[in-house]
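J.: So the sequence lines, in the order shown, correspond to chains X and B. Here the first sequence is numbered in this note's numbering, starting from 2 and rising by one per residue. Here the second sequence is numbered in this note's numbering, starting from 2 and rising by one per residue.
Honestly, the hints are just simulated from the structure, not real lab data. Treat each hint with caution, since some may be false.
Copies of the same chain look alike in the list, so a pair counts if it works inside one copy or between any two.
Unchecked claim - Taking lysine-lysine pairs in the DSS-like style, the calculated list, with each CA pair at most 27 Å apart, reads: (1) Lys-51 with Lys-141; (2) Lys-115 with Lys-30; (3) Lys-55 with Lys-141; (4) Lys-112 with Lys-30; (5) Lys-31 with Lys-112; (6) Lys-217 with Lys-259; (7) Lys-217 with Lys-193; (8) Lys-115 with Lys-219; (9) Lys-141 with Lys-193; (10) Lys-237 with Lys-55; (11) Lys-193 with Lys-55; (12) Lys-219 with Lys-112; (13) Lys-259 with Lys-51.
There are 2 protein chains.
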Amino acid sequence: MDYKDMEITVIKIGGNVIDHPGDLTLFLKKFANLPGNKILVHGGGKLATKLSAKLNISAKMIDGRRVTDSQTIEIVTMVYAGLINKNITAQLRSLGCDAIGLSGADAGIIKAVKRSPVPVDFGFVGDIPDNGINVTRLLKFINMGLVSVFCSITADEQGVLLNCNADTVAQSIATAISFAGIPVKLIYCFEKQGLLADINDDNSVIPLINSGNCEKLKAEGIITAGMIPKIDNAFKALNAGVEEVVIKSHLDMDDSSKGTKITAT
Amino acid sequence: MDYKDMEITVIKIGGNVIDHPGDLTLFLKKFANLPGNKILVHGGGKLATKLSAKLNISAKMIDGRRVTDSQTIEIVTMVYAGLINKNITAQLRSLGCDAIGLSGADAGIIKAVKRSPVPVDFGFVGDIPDNGINVTRLLKFINMGLVSVFCSITADEQGVLLNCNADTVAQSIATAISFAGIPVKLIYCFEKQGLLADINDDNSVIPLINSGNCEKLKAEGIITAGMIPKIDNAFKALNAGVEEVVIKSHLDMDDSSKGTKITAT
């Protein structure tokens, strides 16, 4: 196989979009029409939390962070790898996009390791090591014309299912593709138009974040706690050679002028 | 690709085995060690019924048959395509079997059509037309060294998820492979040692069923109502050129002398 002319776009779609079926369908139409090689990673949204509540499974929290206990990993596997992944895949196929819905466990594409229970045991949560992505398999699917659609459920080598952060899954895939010498872009789609200087003003999109202004924006509280992991993932990808990282609205995916562009320098 | 020396075994594992994790693990160990090209199709078991009960979704029945309403298709998609499919896939991978968990919607491998609401509307139930299996894709996965693991959830061309009968999914896959000119065997694994002449005597396995004794066994009530669809699926596969159909215990999968063999003549 010859990959020298290949370029791949990795797109992650956030949970808030998934929670609104109309928005999700609008996004999927744009995604299906996007030219070139592409990979979709989706988050979970509130469906898993709602299902847990209906089943009287209370969310266990440590330091404000959710613990994925044995009941919760079953719930998220059902909702993310089952309901959401198969609905997105079937919708994309009906839109002419040759999609295959996958968890990280499938075909061993994303190998994860269970996070150490020390100092805090977050349960069935996985981290993706640097060599965790099987790029050869990903590229074979692309060569078959397939568009891989990943949820954030993975497994370790012992066959234990683990919940990973979907932003990190997208970053790890983009990083691994870049390491294989293939140009790759990473787009984080969510319900806002980009990173906002004023959270109450949708027109206050910060067009560019780089290592020069990032620390200042964090210090000023403009990059808020919830955004920091996404920005850190973006820089990790850029430092590994990913060409471009953009945070933008799911409705602007086909407009390259929109959103917040993050660059290394 | 050259398929002339290829042979494929399609194995379906029933719900009663899935309901007993110890039995399932024993089966998966034998399946992982089975030499040659293989495809697994799994049923659902009682997990979906239990989840429905916990969520106070009552089973709607017509003429003793379950209706798959909009809530139920969500439940079975979660349980079959999510929880069961990913657990089986992750377990097989940990046993050295290069598995990929799939629904019929993924990569368009199994296209289904929604069953007509006339005379009885069974809801989101799918049937697989004669040209419903994309054998080319199945063979490409086999050539990549992948072992496909299918649940019985499929989709139609409009992106609507549908629940199919897992026995029929296995038969349709085997039949399509046979039509492509590749030798194929079909094995239905369940909790009994084969078709029993006396339901209370595990040693009363009928070794052979063919068109000669099948009608007699039905008339005598030895092939009971629950078994008739399985036997009909077996004959459909045999008539389409499938080499061999066997109904046997999940624990005897690696012993070719065991079970009930079904032959065309």
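J.: Work down the list of hints and note, for each, if the structure agrees.
T.: To see whether the hints hold, each was checked on the structure:
no.	hint	verdict
1	Lys-51 with Lys-141	neither (37 Å within a copy, 39 Å between copies)
2	Lys-115 with Lys-30	between (36 Å within a copy, 23 Å between copies)
3	Lys-55 with Lys-141	neither (41 Å within a copy, 42 Å between copies)
4	Lys-112 with Lys-30	between (30 Å within a copy, 21 Å between copies)
5	Lys-31 with Lys-112	between (30 Å within a copy, 24 Å between copies)
6	Lys-217 with Lys-259	within (22 Å within a copy, 72 Å between copies)
7	Lys-217 with Lys-193	within (21 Å within a copy, 69 Å between copies)
8	Lys-115 with Lys-219	neither (30 Å within a copy, 53 Å between copies)
9	Lys-141 with Lys-193	neither (34 Å within a copy, 40 Å between copies)
10	Lys-237 with Lys-55	neither (38 Å within a copy, 43 Å between copies)
11	Lys-193 with Lys-55	neither (29 Å within a copy, 37 Å between copies)
12	Lys-219 with Lys-112	neither (32 Å within a copy, 50 Å between copies)
13	Lys-259 with Lys-51	neither (33 Å within a copy, 47 Å between copies)
The earlier numbered hints that this structure contradicts are 1, 3, 8, 9, 10, 11, 12 and 13.
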